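*Asks:* Whenever a hint applies, use it, and build me the whole structure from the sequences.
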Amino acid sequence: NAGVTQTPKFRVLKTGQSMTLLCAQDMNHEYMYWYRQDPGMGLRLIHYSVGEGTTAKGEVPDGYNVSRLKKQNFLLGLESAAPSQTSVYFCASSYSSTGLTNTEAFFGQGTRLTVV
Amino acid sequence: SQKIEQNSEALNIQEGKTATLTCNYTNYSPAYLQWYRQDPGRGPVFLLLIRENEKEKRKERLKVTFDTTLKQSLFHITASQPADSATYLCALDLSGNTPLVFGKGTRLSVIA
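Chains as they are written, first to last, in the working numbering: chain A, 70 to 185; chain W, 1193 to 1304.
Check before you lean on any hint, since a few could be wrong.
Pairwise CB distance ranges, derived in the manner of DEER restraints [claimed, not checked]:
hint, chain 1, residue 1, chain 2, residue 2, range
1, A, Gly122, W, Ala1271, 34 to 40 Å
2, W, Glu1207, A, Pro152, 24 to 30 Å
3, A, Val81, W, Glu1197, 32 to 38 Å
4, A, Lys139, W, Ala1271, 33 to 39 Å
5, A, Met88, W, Asn1289, 43 to 49 Å
6, A, Arg181, W, Gln1194, 28 to 34 Å
7, A, Asp107, W, Asn1289, 42 to 48 Å
Here are the simulated DSS-like cross-link-like pairs (lysine-lysine), alpha carbons at most 27 Å apart as the crow flies [stated by the list, open to error]:
hint, chain 1, residue 1, chain 2, residue 2
8, A, Lys126, W, Lys1195
9, A, Lys126, W, Lys1296
10, W, Lys1195, A, Lys78
11, A, Lys140, A, Lys78
12, W, Lys1255, W, Lys1209
No lab work stands behind these hints: they were computed from the structure.
All of these numbers come straight from a predicted model, not from anything done at the bench.
Idealized CB from N, CA, C, for every residue including glycine.
*Replies:* Below is the structure:
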C-alpha cells in the first residue's frame, strides 16, 4: 500500500518553463490537496478537489492550475514558472472533509522545486 | 481576520521532561482540531484528532486538550525523548468540505 506518491521528488526549472507535478493515491480517497511549504510560512493551500472532475482554489492559487481527471490522480501545473514558485510542494488526500470521520490527511513525501 | 498561531517557532526541552506546545486560533469555529508531526524532508504525519466536545484526548505519551472558549489547543508529550524532535503542526478541521487550515508549526528539540 503506497499511500500518496508524488512525482518528481526534485526539479530545477528555468524561469518561464512549464511543468506538471503528479500526485497519485491508492486509498480511494475523495479529497485531494496541493500545498506549498516555505520557511516561516507554514503549509499554504494552493488548490484542492472534493472528487473526480472537481477542483477549487485555495489560499494561493495564482500561477498554478490543477486537474482531477481520475479519482486517484491530482495534477498540479505551472504554466510559466517564476522564482517566487521555488518551494516544497506537498500533495495530500483524505477520505472526507466533513468533520465526521476519517478527515485526517495523508501526505506525500514532497517535491522540492527550484526556479532559477 | 482569521488566524491560527502556534506559540513559538522553536522549543528546546530536556529529555524526560514534558513538552507543551500551544495552538491558538482567531475567528474560526473548528469542529475538530488535528495535530501532525513533520520530520525534515518528509511530509506531515497525522497524530491525533480531538472533537470540539472533547476536553482531552490521549495516545500513548501524547495528550491533546481543546478549549473552545479560550480558542486554544495544548499538545503535550510526556517523558520526551530525542526521537520526539520534529516540527509539530496543528490544523483546524472546519467541516463542510473545507480543507484543513494549518498553523506554521513548532520545531521541538529534545536534548539528551
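*Asks:* For each hint, tell me whether it holds in the structure or not.
*Replies:* The hints, checked one at a time:
no.	hint	in the structure
1	A:Gly122 - W:Ala1271: 34 to 40 Å	violated (48 Å)
2	W:Glu1207 - A:Pro152: 24 to 30 Å	violated (41 Å)
3	A:Val81 - W:Glu1197: 32 to 38 Å	holds (34 Å)
4	A:Lys139 - W:Ala1271: 33 to 39 Å	violated (45 Å)
5	A:Met88 - W:Asn1289: 43 to 49 Å	violated (29 Å)
6	A:Arg181 - W:Gln1194: 28 to 34 Å	holds (29 Å)
7	A:Asp107 - W:Asn1289: 42 to 48 Å	violated (26 Å)
8	A:Lys126 - W:Lys1195	holds (19 Å)
9	A:Lys126 - W:Lys1296	holds (20 Å)
10	W:Lys1195 - A:Lys78	violated (31 Å)
11	A:Lys140 - A:Lys78	holds (22 Å)
12	W:Lys1255 - W:Lys1209	holds (14 Å)
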